[in-house]
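Trainee: Make a model of the complete structure from these sequences and hints.
Residue-level listing of the chains:
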Amino acid sequence: MSGYQNLSLLDIAIAAALIVVNGALSVALKLDLERKLAWAAVRSVVQLLAIGYVLGWVFQFSRWYVVLPLMALMTLIAGLSASNRGRRTYLGQRVDSVVSIWVSSWLVAAVGLFVVIRIHPWYEPQYAIPILGMILGNTLTGVSLGIERMTEELTAGRGAVEMSLALGATRWEAAQGPARQAVRAGMIPTLNQMTVVGLVSLPGMMTGQVLAGQSPLQAVRYQIVIMFFIAASSALGTVGAVLLTYRRLFSPEHRFMASKLVEREKPKRR
Amino acid sequence: MSTHADTPLIRATALTRYDPVRHAVLLHPTAFSLSGGQRAVVTGPSGSGKSVFLRALALLDPVDDGAIQWRGKTIARTGIPAYRRRVAYIAQRPAMLDGSVEDNLRYPFSLKVYRDVHFDRERVIKLTRRAGREADFLDKRASELSGGEAQIAALIRVLQVDPDVLLLDEPTASLDPASALEIEALVGAWFDDRPGERASIWVSHDPAQAQRVGERQLVMTAGTLS
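These protein sequence lines map, in sequence, to chains H and W. Using the numbering used here, you'd call the opening residue of the first sequence number 94 and step up by one each time. Using the numbering used here, you'd call the opening residue of the second sequence number 44 and step up by one each time.
Rather than coming from a laboratory, the hints here were simulated on the basis of the structure. All figures in this text were calculated on a predicted structure; none of them were measured in a lab. Note that beta-carbon positions come from the ideal geometry of N, C-alpha and C, so glycine has one too. Keep in mind that a hint or two might mislead.
[To be verified] Facing chain W, from chain H, some residues (calculated, C-beta under 8 Å):
{"no.": "1", "residue": "Gly-252"}
{"no.": "2", "residue": "Ala-253"}
{"no.": "3", "residue": "Glu-255"}
{"no.": "4", "residue": "Met-256"}
{"no.": "5", "residue": "Leu-258"}
{"no.": "6", "residue": "Ala-262"}
{"no.": "7", "residue": "Glu-266"}
{"no.": "8", "residue": "Ser-344"}
{"no.": "9", "residue": "Pro-345"}
{"no.": "10", "residue": "His-347"}
{"no.": "11", "residue": "Ser-352"}
[To be verified] The following label-pair restraints were derived from C-beta to C-beta distances:
{"no.": "12", "chain 1": "H", "residue 1": "Ser-174", "chain 2": "W", "residue 2": "Ala-178", "range": "53 to 63 Å"}
{"no.": "13", "chain 1": "H", "residue 1": "Val-139", "chain 2": "W", "residue 2": "Gln-135", "range": "50 to 60 Å"}
{"no.": "14", "chain 1": "W", "residue 1": "Val-262", "chain 2": "H", "residue 2": "Ser-344", "range": "24 to 34 Å"}
Mentor: Spelled out as structure tokens, the structure:
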């Protein structure tokens with residue numbers, strides 16, 4: 094590739110030293126963030142180096158039985174971290190979030206790899222892994238926001254939900270208000286992203302392709318395609334997660350099982 | 044709908060409920076039946092299971108044992124919304140949706156189970172007058188109602204669709220005496236509209252009210268109804 098500047102470890106060290114800026118600010122303003130900063134810096138370096146080595150290895154062995162398990166692992170991690178959010182949870186939330194992320198992101202990735210980009214073989218890791226990764230990252234946000242909002246709406250609006258049921262509403266009639274709010278909440282980050290892309294933010298993938306020597310016009314085409322993959326998958330994932338939550342919390346006897354919603358021991362917010 | 048004088052409206056047998064977490068008994072096996080023309084009152088200390096009993100009859104909470112029959116028939120899953128249309132549960136704290144009082148009164152008609160009936164403004168204004176309010180009550184914002192007004196609106200929301208049974212879960216517990224009397228008058232008028240056909244269960248902790256709102260006095264003590 095013409096004009097591509099490889100980075101040495103020294104270059105990385107110089108960039109990493111910029112963390113000192115954050116440290117100095119933390120000390121000067123008494124933010125008490127020094128330890129967190131150091132930990133975050135170490136983590137990001139270690140995680141990225143590790144994934145670099147893993148990907149390097151996977152790219153060498155571009156076999157389906159290497160790529161597929163890696164994709165599955167990525168999906169599982171995305172599903173589990175999506176379920177870690179929110180003040181309230183319920184039995185089975187983890188399963189619901191993994192299932193909704195898995196189904197939606199793999200469906201959209203399959204359309205992307207087989208129909209849109211049409212690469213051969215389909216598991217070519219250079220395409221399959223980053224594309225799935227980008228889809229997962231955004232679907233994760235949608236799913237976790239959707240579940241979080243659904244449980245919050247049902248907690249705050251319990252009186253209204255029970256009033257509807259007591260009047261004779263079916264479980265879906267009673268739940269649809271909160272469910273709509275939850276799906277909206279899950280889809281809005283993607284919509285916001287789509288409206289400012291190119292104006293305020295230059296997405297990492299596009300920037301990366303340009304840095305690697307790709308023409309901006311081609312890079313933009315890829316970005317457009319990815320944007321729609323992301324939108325489709327996070328919408329599907331959010332709707333799926335909200336519906337699964339609904340099924341857990343409303344019984345076929347048209348009851349709202351509020352006692353299944355429990356507050357987390359230690360609230361984890363990311 | 045024809046009423047058979049000998050078949051009770053609601054018949055509960057061995058209705059039992061445990062606390063799902065601590066496995067304590069919330070409601071000991073309870074047999075109970077309610078016929079048209081009966082006004083039952085349940086009193087008892089708070090936490091004794093009055094609400095548990097009423098919510099079980101409304102099928103709002105799962106029971107661990109026992110069965111409920113409506114007019115001599117068991118209630119299928121798909122029949123639960125229709126049952127709740129006939130047997131209306133009124134909570135202590137009225138839940139109002141966003142919008143005006145009228146929006147709230149129109150809400151039931153958006154539900155599948157009320158497809159055969161329509162919102163009748165004249166009828167609702169008559170009910171509003173019965174509660175000592177004028178027609179402009181319908182234009183008020185639901186969020187700006189006092190506790191008493193909200194409970195009146197919630198009651199009209201239910202009464203306008205002619206339930207056969209009212210399950211009143213301390214509907215006046217947090218209201219001033221004047222509002223409480225208005226609620227009692229509304230329920231009384233509903234009961235008298237169809238002599239011998241309608242029935243109510245009123246949970247109350249006020250002995251004077253208990254005397255006013257029913258003839259059949261029951262007491263709940265630690266999950267046992269007597």
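Trainee: Can we keep the H/Ala-262 interface hint, with Cβ of chain W closer than 8 Å?
Mentor: Check passed: Cβ of H/Ala-262 comes within 5 Å of chain W, closer than 8 Å.
Trainee: Falls inside 24 to 34 Å, the C-beta gap from W/Val-262 to H/Ser-344?
Mentor: Cβ of W/Val-262 to Cβ of H/Ser-344: about 31 Å, so the range 24 to 34 Å holds.
Trainee: Can you verify the interface hint for H/Glu-266: is its Cβ closer than 8 Å to any Cβ in chain W?
Mentor: This hint holds: H/Glu-266 lies near chain W, its Cβ roughly 6 Å from the closest one there, short of 8 Å.
Trainee: Return the status of the interface hint for H/Ala-253: holds when the least beta-carbon distance to chain W is below 8 Å, violated otherwise.
Mentor: For H/Ala-253, the interface hint holds, since the closest Cβ of chain W sits about 5 Å away, which is under 8 Å.
Trainee: Would you settle whether the hint for H/Glu-255 is holds or violated, based on the nearest Cβ-Cβ distance to chain W being less than 8 Å?
Mentor: Given a least distance of 6 Å, the restraint on H/Glu-255 holds.
Trainee: Less than 8 Å between beta-carbons is the criterion; does H/His-347 satisfy it with respect to chain W?
Mentor: Result: holds, 5 Å to nearest chain W Cβ.
Trainee: Determine whether the Cβ-Cβ distance between H/Val-139 and W/Gln-135 falls within the hinted range of 50 to 60 Å.
Mentor: Given range 50 to 60 Å: holds, Cβ gap about 56 Å.
Trainee: For the hint 53 to 63 Å, verify it against the beta carbon of H/Ser-174 and that of W/Ala-178.
Mentor: holds (56 Å)
Trainee: How about H/Leu-258: closest beta carbon in chain W under 8 Å, or not?
Mentor: Check passed: Cβ of H/Leu-258 comes within 6 Å of chain W, closer than 8 Å.
Trainee: Hint validation: H/Ser-352 versus chain W, beta carbon distance must be below 8 Å. Holds or violated?
Mentor: Nearest chain W Cβ about 6 Å off; hint holds.
Trainee: Given H/Ser-344 as an interface hint, is the shortest Cβ-Cβ distance to chain W below 8 Å?
Mentor: holds (7 Å)
Trainee: Would the hint on H/Gly-252 be counted as holding, given a Cβ-Cβ threshold of 8 Å to chain W?
Mentor: Holds - the Cβ of H/Gly-252 comes within 8 Å of chain W, reaching about 4 Å at its closest.
Violated hints: none; the structure is consistent with every hint.
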